[in-house]
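Residue strings, one per chain:
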Amino acid sequence: MTSAPTSSPAGQTGKTTLRTRASSVRWARRREVLREVMRNPLTVVGFVIIALFLLMALMAPLLTEANQPDPYQSPRDWGNIDVPPGVEGHVLGTDSTGGDVLYGIIWGSRLSLQLSLTVVISTLVIGTIVGSVAAMRGGRVDNFLMRVVDVFLAIPELIFALAIAAVLGPSFRNIILALAVVFWVKYARIIRGEIIRVKQTDYVAAAHVVGDSNWNIYRKDVLPNAVTPLVVQATLDMGNVVLIGAALSYIGLAQAGLTEWGAMVSAGQSGILAGQWWVSTFAGVAILLWALAFNLVGDGLRDALDPKTEGR
Amino acid sequence: MSVETPSDDWLLRVEDLSVHFHTPRGVVQAVDHITFEVRPKETLALVGETGCGKSVTARSIMKLVPEPPGEYASGSILLRSPSTGAVIDMLTAPMDQVRATRGDRIAMIFQDPGKALNPSLTIGRQLAEVFGEHRARMLLTQAGIDPDHAPVGSGAIASQRAGVIRRNFFHLTHPGQSRALRAAVDDAVINALSDTGIPNPRKVMSSYPHELSGGMKQRVMIAQALACDPDLLIADEPTTALDVTIQARILDLINDLQQRRGTAILYITHDLSLVRQFADRLAVMYAGRMVESGPALEVLKAPQHPYTQGLLAAIPRAGTPRGQLAAIAGSVPQLVDPPPQCHFSSRCGWSAEVCTTHVPHLIGLPGERKVACLRFEQASSIGVEEAEMPLRAAHVEVGP
Numbered sequence: 001m002t003s004a005p006t007s008s009p010a011g012q013t014g015k016t017t018l019r020t021r022a023s024s025v026r027w028a029r030r031r032e033v034l035r036e037v038m039r040n041p042l043t044v045v046g047f048v049i050i051a052l053f054l055l056m057a058l059m060a061p062l063l064t065e066a067n068q069p070d071p072y073q074s075p076r077d078w079g080n081i082d083v084p085p086g087v088e089g090h091v092l093g094t095d096s097t098g099g100d101v102l103y104g105i106i107w108g109s110r111l112s113l114q115l116s117l118t119v120v121i122s123t124l125v126i127g128t129i130v131g132s133v134a135a136m137r138g139g140r141v142d143n144f145l146m147r148v149v150d151v152f153l154a155i156p157e158l159i160f161a162l163a164i165a166a167v168l169g170p171s172f173r174n175i176i177l178a179l180a181v182v183f184w185v186k187y188a189r190i191i192r193g194e195i196i197r198v199k200q201t202d203y204v205a206a207a208h209v210v211g212d213s214n215w216n217i218y219r220k221d222v223l224p225n226a227v228t229p230l231v232v233q234a235t236l237d238m239g240n241v242v243l244i245g246a247a248l249s250y251i252g253l254a255q256a257g258l259t260e261w262g263a264m265v266s267a268g269q270s271g272i273l274a275g276q277w278w279v280s281t282f283a284g285v286a287i288l289l290w291a292l293a294f295n296l297v298g299d300g301l302r303d304a305l306d307p308k309t310e311g312r
Numbered sequence: 001m002s003v004e005t006p007s008d009d010w011l012l013r014v015e016d017l018s019v020h021f022h023t024p025r026g027v028v029q030a031v032d033h034i035t036f037e038v039r040p041k042e043t044l045a046l047v048g049e050t051g052c053g054k055s056v057t058a059r060s061i062m063k064l065v066p067e068p069p070g071e072y073a074s075g076s077i078l079l080r081s082p083s084t085g086a087v088i089d090m091l092t093a094p095m096d097q098v099r100a101t102r103g104d105r106i107a108m109i110f111q112d113p114g115k116a117l118n119p120s121l122t123i124g125r126q127l128a129e130v131f132g133e134h135r136a137r138m139l140l141t142q143a144g145i146d147p148d149h150a151p152v153g154s155g156a157i158a159s160q161r162a163g164v165i166r167r168n169f170f171h172l173t174h175p176g177q178s179r180a181l182r183a184a185v186d187d188a189v190i191n192a193l194s195d196t197g198i199p200n201p202r203k204v205m206s207s208y209p210h211e212l213s214g215g216m217k218q219r220v221m222i223a224q225a226l227a228c229d230p231d232l233l234i235a236d237e238p239t240t241a242l243d244v245t246i247q248a249r250i251l252d253l254i255n256d257l258q259q260r261r262g263t264a265i266l267y268i269t270h271d272l273s274l275v276r277q278f279a280d281r282l283a284v285m286y287a288g289r290m291v292e293s294g295p296a297l298e299v300l301k302a303p304q305h306p307y308t309q310g311l312l313a314a315i316p317r318a319g320t321p322r323g324q325l326a327a328i329a330g331s332v333p334q335l336v337d338p339p340p341q342c343h344f345s346s347r348c349g350w351s352a353e354v355c356t357t358h359v360p361h362l363i364g365l366p367g368e369r370k371v372a373c374l375r376f377e378q379a380s381s382i383g384v385e386e387a388e389m390p391l392r393a394a395h396v397e398v399g400p
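Protein sequence lines correspond, in order, to chains B and V.
Residues 1 to 312 in this note's numbering are what the first sequence spells out, letter by letter.
Residues 1 to 400 in this note's numbering are what the second sequence spells out, letter by letter.
Hints listed in this document are in silico derivations from the structure and should not be mistaken for laboratory results.
Take these hints with a grain of salt, some might be off.
25 Å max Cα-Cα, derived DSS-like pairs, lysine-lysine [stated by the list, open to error]: (1) B:K220 <-> V:K41; (2) B:K220 <-> B:K199; (3) V:K203 <-> B:K220; (4) B:K199 <-> V:K63; (5) B:K220 <-> V:K63; (6) V:K115 <-> V:K203; (7) V:K115 <-> B:K199; (8) V:K63 <-> V:K41.
If you want the footprint, here are the derived chain V segments under chain B, 3+ residues with CB under 8 Å [as the list claims (entries may be wrong)]: (9) 58 to 68; (10) 95 to 104; (11) 111 to 123; (12) 130 to 138.
Over the 12 Å line for every Cβ pair with chain V, so calculated as not near, a few chain B residues [stated by the list, open to error]: (13) I50; (14) V91; (15) L158; (16) I159; (17) W277.
Where is the CB? At the ideal position from N, CA and C, for every residue including glycine.
Full structure from sequences and hints, please.
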């Protein structure tokens with residue numbers, strides 16, 4: 001970064017340079033956070049795993065030939081049932097209905113991405129709105145909303161999601177819905193606490209002092225300074241959602257034969273005692289890596305964004 | 001009962017203001033029936049120890065006390081326009097009028113500049129907010145846009161309400177005007193910054209608060225406060241969080257800007273040595289009440305209220321022997337549902353029976369001075385000069 005040209009007077013050219021510089025400062029700051037995140041080797045590992053999963057999900061139709069009509073059902077190779085990994089055409093083996101394990105894992109990554117993105121983004125929006133209303137309004141509104149949140153938090157996530165999904169009937173869409181219902185409360189609680197903290201800061205008082213409106217203050221002063229813990233939680237939840245989603249489809253709440261990793265673990269389970277370890281193991285490893293990667297990145301983000309460690 | 005003689009020349013009149021806080025333990029009377037006025041272009045120092053209600057008073061003027069738990073229990077805060085003479089009451093005015101007054105006619109600088117700037121916005125953006133809030137039309141005019149026939153979007157951009165999408169859309173549809181508008185905002189910000197003696201304002205403008213030093217941040221705060229040329233500046237202990245070396249420079253800066261622009265200053269502090277240098281008049285608060293007021297130098301030279309005397313005696317001087325720092329015995333009473341009495345009576349060396357049963361009111365003394373002490377009230381019937389009160393015995397010599 002070079003300093004703005006001080007020699008040229010307040011001419012048009014000087015202005016343009018100044019603009020570019022202001023935005024370059026913003027980018028420099030983002031790069032700084034990124035550098036901080038990347039300092040931790042474990043976080044880098046997490047990023048690499050996530051990148052590989054994304055690549056896999058993106059290139060699924062190129063890596064394998066999509067099954068017709070539903071690509072999220074493994075193609076059945078009835079001539080090769082329960083073949084171990086390494087057999088020609090079935091690198092990771094097949095399950096007891098001739099479904100290819102590698103195909104399942106590749107297309108399963110798409111389902112995991114769909115599940116985690118849908119659930120996390122929708123709950124992030126709902127949670128932020130509920131938490132913001134509670135914190136900005138305060139009083140009875142706050143009390144009411146937070147008691148609702150308390151009720152949701154009182155029931156364990158997995159059990160609650162299980163109950164909802166069971167009532168709605170077995171389908172992948174219902175798993176997404178059930179998880180969305182369960183996960184928003186955490187965000188509401190976090191953002192409420194953060195907003196109440198930020199509201200008491202002097203810079204919010206200073207914004208009132210210059211005559212800013214409440215909405216403007218919320219938009220420019222309160223929210224940007226309150227979202228950091230939410231970002232960390234959302235990253236961790238990208239893993240958690242898939243973990244719980246897998247648990248739900250493991251116990252049979254997704255459609256039968258779906259290339260969902262949890263369902264695959266379940267399908268391969270009966271064969272384990274007969275020595276057919278590969279189905280459950282590879283699907284389980286996929287779940288593990290996914291959850292692990294997002295947890296590593298989430299931890300790294302927390303360390304980088306924590307104000308206490310800032311400016312090291 | 002009201003002893004404040006209303007003068008004709010006033011800018012701000014706080015009349016009979018009481019601010020209560022409702023807490024689980026009871027009602028805290030943080031500010032209890034205080035009355036004072038600030039005249040145009042003068043500096044009034046509001047002095048008192050921590051928790052005496054001086055900051056609550058300052059925030060009340062801005063109508064910034066959170067309700068609940070706070071409550072404006074009584075009184076009015078009148079602000080008069082020096083040009084038109086129109087008066088508004090900050091406590092009863094509609095909210096949009098209050099917002100239009102904040103930042104435009106009354107501004108405030110805070111104790112800790114490090115905490116009073118939004119850490120996630122650049123300095124330039126934060127200053128632009130003030131201009132956008134109060135001077136959007138001026139910005140449009142400077143950009144060569146007629147404010148009454150401004151193209152769609154430019155109004156929102158000038159008032160700094162437009163988001164990224166609207167800003168860039170306008171930039172695509174009206175590139176020339178968009179650039180002119182940006183230049184107008186930048187100019188206004190740079191002028192405000194350089195007016196407070198900030199070197200290289202262009203660089204500071206695109207910095208984030210954490211990249212600046214404490215003194216620099218306070219200069220930015222001052223620039224922000226004085227951006228719209230307010231009539232009144234409330235300075236809430238503006239130098240407490242700064243290094244001693246920078247304190248003097250910041251105070252000189254405030255003083256200098258006051259001279260140039262004719263801003264009145266309500267200066268909230270506990271530092272009496274600064275009061276002597278910068279204040280025209282002085283008001284002393286104790287436990288939510290005003291105990292003494294008058295021209296600063298005279299009050300400092302001959303304090304009348306026992307509390308003011310104690311406060312002045314507690315300042316260590318070069319001649320003070322080692323290990324003999326004076327202090328006022330006792331501590332500030334709890335203000336939760338207090339009994340009707342003089343709050344200083346428990347610490348006062350000259351309290352009498354009447355001090356624990358009655359509330360003292362400000363009574364006028366010669367030379368625009370006022371004091372709230374029941375012993376004076378008793379004595380006033382026979383004349384202060386003859387009252388030879390024990391107060392006199394404790395008369396403190398204060399240096400020039």
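Evaluation of the provided hints:
Annotation: proposed proximity of B:K220 to V:K41 is violated, straight-line Cα distance about 34 Å (limit 25 Å). For the hint linking B:K220 to B:K199, the alpha-carbon distance of about 12 Å falls within 25 Å, and the restraint holds. Pair hint V:K203 plus B:K220 holds up; C-alpha atoms about 22 Å apart against a cutoff of 25 Å. Using a Cα cut-off of 25 Å, the hinted pair B:K199 and V:K63 holds, with the two alpha carbons roughly 16 Å apart.
Proximity of B:K220 to V:K63 is assessed by CA-CA distance (about 21 Å); at most 25 Å being required, the pair is judged to hold. As the CA atoms of V:K115 and V:K203 are separated by approximately 21 Å, the hinted pair is consistent with the 25 Å bound. For the hint pairing V:K115 with B:K199, the CA-to-CA distance comes to about 12 Å; that is within 25 Å, so the pair holds. At most 25 Å may separate the alpha-carbon atoms for a hinted pair to count; V:K63 and V:K41 meet this at roughly 22 Å.
For a cut-off of 8 Å, the count of residues in the segment 58 to 68 of chain V with a CB near a CB of chain B stands at 4, and the three-residue condition holds. Requiring three or more residues with a Cβ within less than 8 Å of a Cβ of chain B, the coverage given for the segment 95 to 104 of chain V holds, as 6 such residues are present. For the segment 111 to 123 of chain V, the proposed coverage by chain B is satisfied: 10 residues have a C-beta within less than 8 Å of a C-beta in that chain, meeting the threshold of three. Residue count for the segment 130 to 138 of chain V with a Cβ under 8 Å from a Cβ of chain B: 3. That meets the three needed, and the coverage hint holds.
In this structure B:I50 is separated from chain V by more than 12 Å, as the shortest Cβ-Cβ distance comes to about 26 Å. The Cβ of B:V91 sits about 47 Å from the closest Cβ of chain V, beyond the 12 Å cut-off, so the non-interface label holds. With a least beta-carbon separation of about 36 Å from chain V, B:L158 lies farther than 12 Å from that chain, consistent with its non-interface assignment. No Cβ of chain V comes within 12 Å of the Cβ of B:I159; the nearest lies about 37 Å off, and the non-interface call holds.
Every beta carbon of chain V lies more than 12 Å from that of B:W277, the smallest distance being close to 51 Å; the non-interface claim holds.
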